[in-house]
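K.L.:
For the record, the sequence lines run as chains A and B.
Note that the UniProt record's numbering has the first sequence beginning at 1, numbered continuously upward.
Note that the UniProt record's numbering has the second sequence beginning at 1, numbered continuously upward.
Honestly, the hints are just simulated from the structure, not real lab data.
Don't take every hint at face value.
Restricting the straight-line Cα-Cα distance to at most 25 Å, the calculated cross-link-like pairs of lysine-lysine (DSS-like) are [stated by the list, open to error]:
#1 K176(A) / K150(A)
#2 K131(B) / K198(A)
#3 K322(A) / K353(A)
#4 K59(B) / K463(A)
#5 K314(A) / K439(A)
#6 K198(A) / K106(B)
#7 K134(B) / K31(B)
#8 K59(B) / K158(A)
#9 K182(A) / K74(B)
#10 K451(A) / K322(A)
#11 K198(A) / K56(A)
#12 K134(B) / K158(A)
#13 K439(A) / K451(A)
#14 K56(A) / K322(A)
#15 K198(A) / K222(A)
#16 K74(B) / K392(A)
#17 K350(A) / K271(A)
#18 K158(A) / K176(A)
#19 K417(A) / K222(A)
#20 K104(B) / K182(A)
#21 K350(A) / K322(A)
#22 K353(A) / K325(A)
#23 K56(A) / K150(A)
#24 K59(B) / K417(A)
#25 K326(A) / K56(A)
#26 K134(B) / K104(B)
#27 K174(A) / K140(A)
#28 K392(A) / K59(B)
#29 K104(B) / K198(A)
#30 K74(B) / K140(B)
#31 K31(B) / K392(A)
#32 K322(A) / K166(A)
#33 K326(A) / K271(A)
#34 K322(A) / K271(A)
#35 K222(A) / K463(A)
#36 K451(A) / K56(A)
#37 K31(B) / K417(A)
Partial list, derived from the structure: chain B residues whose beta carbon lies under 7 Å from chain A [said to hold, decoys possible]:
#38 M49
#39 Y65
#40 G89
Positions of the beta carbon are idealized from the N, C-alpha and C atoms, including for glycine.
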Amino acid sequence: MSRERLKTIVLSILVIMSILLTHQIWLYSPNEVLTSKALSNKSHTLEIRENIISPKRIILGFGGGIQSGFSTILSHNEMEEVWQYSRRVLEDYFILEPEITEISAEDYTEYMGLRHVELEFGDNISSVLVSSIFNNIDSKIVRNIREINKILIPSINKGSIFIVGKDNNTFEIKLKDYVEDKSINDFMIEYEANGFIKYYRLFSFVDNYTLMPPNFYTQLPKLTVESVLDVEKDQVLQHQTEIFFDRNLDFVRIIKETNGAVVFLYGYGEKTLRISPTGRLEYNEEISNESSTNVIAALDTAIDFIDSHGVIPKTAYLAEAKQIKKGNSSGYYFGFNYFIDGYPVAISSKNMKYPIEIEVFGNCISSYKSFVRTPMLLPNITRLEPIRPPHKVIESNIDIFEIDTVKDGNLLEEMNKNNEILRRINSIQMVYFDTMEEKRRQIVVPAWQIKVNNQVYYFDSYKGQLLYKEAFN
Amino acid sequence: MIKRLLYCTAFVLLIIGFTSISAFGNETDEKLQVITPDRNITTDNTELMFEITAPEGTKVFIQVYHNNSIDKSKENYVVAGDAIELEIGAFGRGWQEVPLRRGKNKVEIKGVYSDDSHDTITRIITVQELKEVKEIFEKKVSEPDILQNIIK
């Protein structure tokens with residue numbers, strides 16, 4: 001072949017290649033590459049959001065009437081299975097157009113006396129959040145019910161479920177064409193065959209239908225846990241500055257407090273990060289005129305931030321959602337809690353109500369507090385004596401309850417004083433209580449959390465003494 | 001004469017007055033009571049919740065006896081399990097799950113008060129399978145006399 005021919009061929013190949021490559025660059029622009037990455041990020045957020053909007057408590061009711069029947073409160077791994085079955089049953093109610101009627105509280109208590117599953121969600125969880133799990137935020141339930149506090153699914157499902165919303169307004173949700181799902185009933189029959197802790201409504205003699213176990217035979221151990229953050233390790237601190245301040249370390253000033261806490265100030269204090277000696281993290285950022293338009297977008301923003309700046313435990317759930325205002329900005333507060341060894345965690349802090357708290361305004365995070373502990377792989381400290389049932393703990397501490405009832409101003413005669421106290425108890429639950437005293441490592445104890453109106457009490461479940469109490473508004 | 005009569009009447013009235021006052025002094029709250037179950041029952045539950053009221057400080061002992069006689073005309077109660085002890089606190093009320101066996105159970109609830117006096121209440125609890133309980137109930141309801149009584 002002649003030289004000229006060869007040159008022509010090479011030249012034409014090069015021209016064709018450059019056309020093809022330019023074609024690739026122009027049509028398959030980086031935007032698409034970036035958006036596909038963003039989509040995969042979004043589905044990760046969606047995945048977390050669908051897991052985090054889950055009940056804080058699941059109760060199985062075994063029938064027998066509201067006064068003498070018994071129920072049980074599931075531990076976390078049992079909750080996962082029942083929540084899965086419940087979502088299958090609930091899907092049609094959130095996607096189709098059911099009939100919604102308001103019913104009285106008395107009618108609801110009738111259904112509590114039959115075999116059922118009751119899903120209890122956190123505080124102020126708006127119905128649009130629950131509905132988003134079923135990928136339908138414009139469902140009929142969302143249009144008619146603002147907040148979902150509890151959902152009751154009768155185990156012999158005849159096409160109705162019940163929802164308790166804000167201020168205890170109760171609704172019956174009826175589907176005409178329903179598909180009977182036996183998975184919940186089958187689970188309950190199998191569950192009943194094995195031993196479990198029975199919860200009764202012992203205070204029904206004062207018309208209080210709170211569940212509590214007359215005996216608690218499981219020997220729950222004390223657990224050793226440690227904070228995810230170790231404030232004494234320089235690498236950890238370095239890593240935190242990089243995460244929060246985008247590696248702009250020139251603008252960061254570090255202050256080490258005498259108690260061992262470390263504070264990072266960014267710029268003129270627009271951003272601050274504080275890590276306490278126990279590993280508690282607090283991040284604050286100044287925001288101006290940012291507002292969140294909808295709660296789901298705000299929750300997604302919050303989840304993204306926590307996922308990239310902190311830790312979301314696998315068992316985390318949304319414990320509270322609240323609309324907040326800061327100057328001209330309006331946004332949302334989200335509180336998350338999680339489970340340790342099957343039981344929810346409770347902390348004794350005047351600063352934090354939940355172990356993970358975040359405030360979102362539009363795309364900005366104005367505040368993020370995190371105090372996550374993980375169990376250490378140490379042998380657990382088991383006790384030999386049995387756990388004291390909560391009604392005995394209340395009885396032996398009745399004077400503590402009395403003082404706070406007297407503050408309310410309603411002093412009754414001796415005979416009825418105890419009954420009045422019992423009537424006000426509205427929640428009893430076993431939790432793992434973190435006194436947040438030690439440094440990074442801590443022993444958490446199984447404790448009875450007892451809520452009376454707006455007071456919360458924590459009692460050691462073995463010894464029965466008061467560990468902590470706090471009033472909430 | 002009339003004066004004497006008047007004095008007598010006054011005296012008699014006083015005595016009657018005193019006896020009636022002392023009659024009202026007897027309060028049922030001071031005694032052991034079994035609220036649940038409030039009478040002898042038939043159930044399918046092998047762990048029955050007992051709700052007991054008694055004055056604070058009363059020690060309650062619950063002993064279950066089980067009828068192991070195969071002969072339906074005779075009853076032979078034997079001790080079934082250890083006595084369960086329960087102390088009544090400030091609420092004046094106690095709750096206890098009592099394990100029972102299939103068939104007839106005699107549950108003796110003995111309350112020993114702080115002054116060492118005691119009271120005993122007995123309940124006969126028959127434990128049967130749910131199917132059997134239903135059959136008995138259906139049989140009873142279908143009997144003509146009972147139906148007539150219900151209709152009346």
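K.L.:
If a hint holds in the structure, say so; if it does not, say that too.
P.N.:
Tested hints:
no.	hint	result
1	K176(A) / K150(A)	holds (22 Å)
2	K131(B) / K198(A)	holds (23 Å)
3	K322(A) / K353(A)	holds (13 Å)
4	K59(B) / K463(A)	holds (21 Å)
5	K314(A) / K439(A)	holds (24 Å)
6	K198(A) / K106(B)	holds (24 Å)
7	K134(B) / K31(B)	violated (36 Å)
8	K59(B) / K158(A)	violated (47 Å)
9	K182(A) / K74(B)	violated (45 Å)
10	K451(A) / K322(A)	holds (20 Å)
11	K198(A) / K56(A)	holds (19 Å)
12	K134(B) / K158(A)	holds (23 Å)
13	K439(A) / K451(A)	violated (28 Å)
14	K56(A) / K322(A)	holds (17 Å)
15	K198(A) / K222(A)	holds (22 Å)
16	K74(B) / K392(A)	violated (41 Å)
17	K350(A) / K271(A)	holds (23 Å)
18	K158(A) / K176(A)	holds (10 Å)
19	K417(A) / K222(A)	violated (35 Å)
20	K104(B) / K182(A)	violated (35 Å)
21	K350(A) / K322(A)	holds (19 Å)
22	K353(A) / K325(A)	holds (19 Å)
23	K56(A) / K150(A)	holds (10 Å)
24	K59(B) / K417(A)	holds (23 Å)
25	K326(A) / K56(A)	violated (29 Å)
26	K134(B) / K104(B)	holds (17 Å)
27	K174(A) / K140(A)	holds (12 Å)
28	K392(A) / K59(B)	holds (15 Å)
29	K104(B) / K198(A)	holds (24 Å)
30	K74(B) / K140(B)	holds (24 Å)
31	K31(B) / K392(A)	holds (21 Å)
32	K322(A) / K166(A)	holds (13 Å)
33	K326(A) / K271(A)	holds (16 Å)
34	K322(A) / K271(A)	holds (23 Å)
35	K222(A) / K463(A)	holds (13 Å)
36	K451(A) / K56(A)	holds (15 Å)
37	K31(B) / K417(A)	holds (20 Å)
38	M49	holds (6 Å)
39	Y65	violated (22 Å)
40	G89	holds (4 Å)
Hints 7, 8, 9, 13, 16, 19, 20, 25, 39 from the list above are not met by this structure, while the remaining hints are.
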